[in-house]
Amino acid sequence: MKSFTGKALRWDWRDGVTELTLDREPANEIGTAMLAELEQFVAAFPTIAPETSACIISSARKQGFSAGADLRELYEGAASVSSAQRSAGVRDFLERIHAVLNAIDAAPFVTIAAVHGVCFGGGLELALACDIIVADKMARFAFPELRLGLIPGFGGIPRLKRDLGNAFVRDLLLTGRSVNATRAQAVGLVTQLAAEGEARKIAQATAAQITKFDAVTRAAAKKFIKPVPHEELRREIDLFCELFSRPTVMAALKKFVESNDAMPYLP
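Take the sequence shown: its letters are residues 509 to 775, numbered as in the numbering used here.
By construction, these hints were calculated from the structure, which means they are not laboratory data.
Each residue gets a CB set at the ideal place from its N, CA and C atoms; glycine is no exception.
A portion of the hints provided could be inaccurate.
Below 16 Å or equal to it, Euclidean Cα-Cα: the simulated EDC-like pairs (lysine to aspartate or glutamate) are [said to hold, decoys possible]:
1. K730 x D671
2. K515 x E547
3. K669 x D679
4. K734 x D639
5. K510 x D520
6. K645 x E706
7. K762 x E581
8. K669 x E739
9. K510 x E581
10. K730 x D639
11. K645 x D671
12. K510 x E547
13. K570 x D523
14. K570 x D531
15. K510 x E533
16. K734 x D679
17. K762 x D523
18. K730 x E740
19. K763 x E581
20. K645 x E704
21. K763 x E547
22. K669 x D639
23. K731 x D671
24. K731 x D639
25. K720 x E533
26. K570 x E706
27. K570 x D679
28. K669 x E740
29. K720 x E559
Ranges between beta-carbon positions, derived for each pair [what the hints assert, rightly or not]:
30. S595 x K510: 18 to 24 Å
31. Q593 x K720: 22 to 28 Å
32. D520 x G705: 31 to 37 Å
33. E559 x P735: 35 to 41 Å
Go ahead and model the full structure; you've got the sequences and the hints to work with.
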């Protein structure tokens, strides 16, 4: 399947490049709807991979790349079931999103996240699964999960540790503060800075360069330089589920859901 249009995202293939566009109101929150369509996307890899050199992941939403996990859906689902069902449901969701992001991480083609605006929590974790992050100068990155009594649960910390120094990882995780695109580039999170609104254009130029190279060599080089940290990812799921079982987390999620802020996901 070289093209698809769903309720939360769409993708198209052209001249060796696949473009995946996130497009779910209000800010590309990752819940069951987007997860199901991301699963369809990675299920199409056997079809698109032989003819794809690069894949660009971007957003059609003005607010940014992605505000992260759909916390309202998470809270409403958890509040309506027993604690045992709650734990099982969260673990199932995490196993599914990890499978998707692991597939993107290990894809035989080069993946490029074209980021603008907010790139928080689960949205940052999606970007971190990509090989290259291109960001416009107004982009901001954050892991605000500690405000909820949680850690990032979509594989963010193992992937960030793989790519960057621990000092920056600890700062981002333990403070919950956002960093701008300039700082993100300085520490090596962002590969290229673009003018406001130009990240996708820069990503397309990068993808065009990548199409010039041999597919077998490219895939071998990527596998060598970017191993998937499977053991740490499994430990992250266990720790997230352990933390999620505490009443303080449900109280924090309830506060988030009941917030009157226009953009409550901002740190």
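Each hint tested on the structure:
no. : hint                    : verdict
1   : K730 x D671             : 13 Å, holds
2   : K515 x E547             : 13 Å, holds
3   : K669 x D679             : 12 Å, holds
4   : K734 x D639             : 8 Å, holds
5   : K510 x D520             : 6 Å, holds
6   : K645 x E706             : 9 Å, holds
7   : K762 x E581             : 11 Å, holds
8   : K669 x E739             : 13 Å, holds
9   : K510 x E581             : 30 Å, violated
10  : K730 x D639             : 8 Å, holds
11  : K645 x D671             : 21 Å, violated
12  : K510 x E547             : 15 Å, holds
13  : K570 x D523             : 27 Å, violated
14  : K570 x D531             : 10 Å, holds
15  : K510 x E533             : 24 Å, violated
16  : K734 x D679             : 23 Å, violated
17  : K762 x D523             : 47 Å, violated
18  : K730 x E740             : 20 Å, violated
19  : K763 x E581             : 14 Å, holds
20  : K645 x E704             : 6 Å, holds
21  : K763 x E547             : 30 Å, violated
22  : K669 x D639             : 14 Å, holds
23  : K731 x D671             : 14 Å, holds
24  : K731 x D639             : 11 Å, holds
25  : K720 x E533             : 36 Å, violated
26  : K570 x E706             : 13 Å, holds
27  : K570 x D679             : 28 Å, violated
28  : K669 x E740             : 10 Å, holds
29  : K720 x E559             : 13 Å, holds
30  : S595 x K510: 18 to 24 Å : 39 Å, violated
31  : Q593 x K720: 22 to 28 Å : 51 Å, violated
32  : D520 x G705: 31 to 37 Å : 20 Å, violated
33  : E559 x P735: 35 to 41 Å : 26 Å, violated
When each numbered hint is compared with the structure, violations occur for hints 9, 11, 13, 15, 16, 17, 18, 21, 25, 27, 30, 31, 32 and 33.
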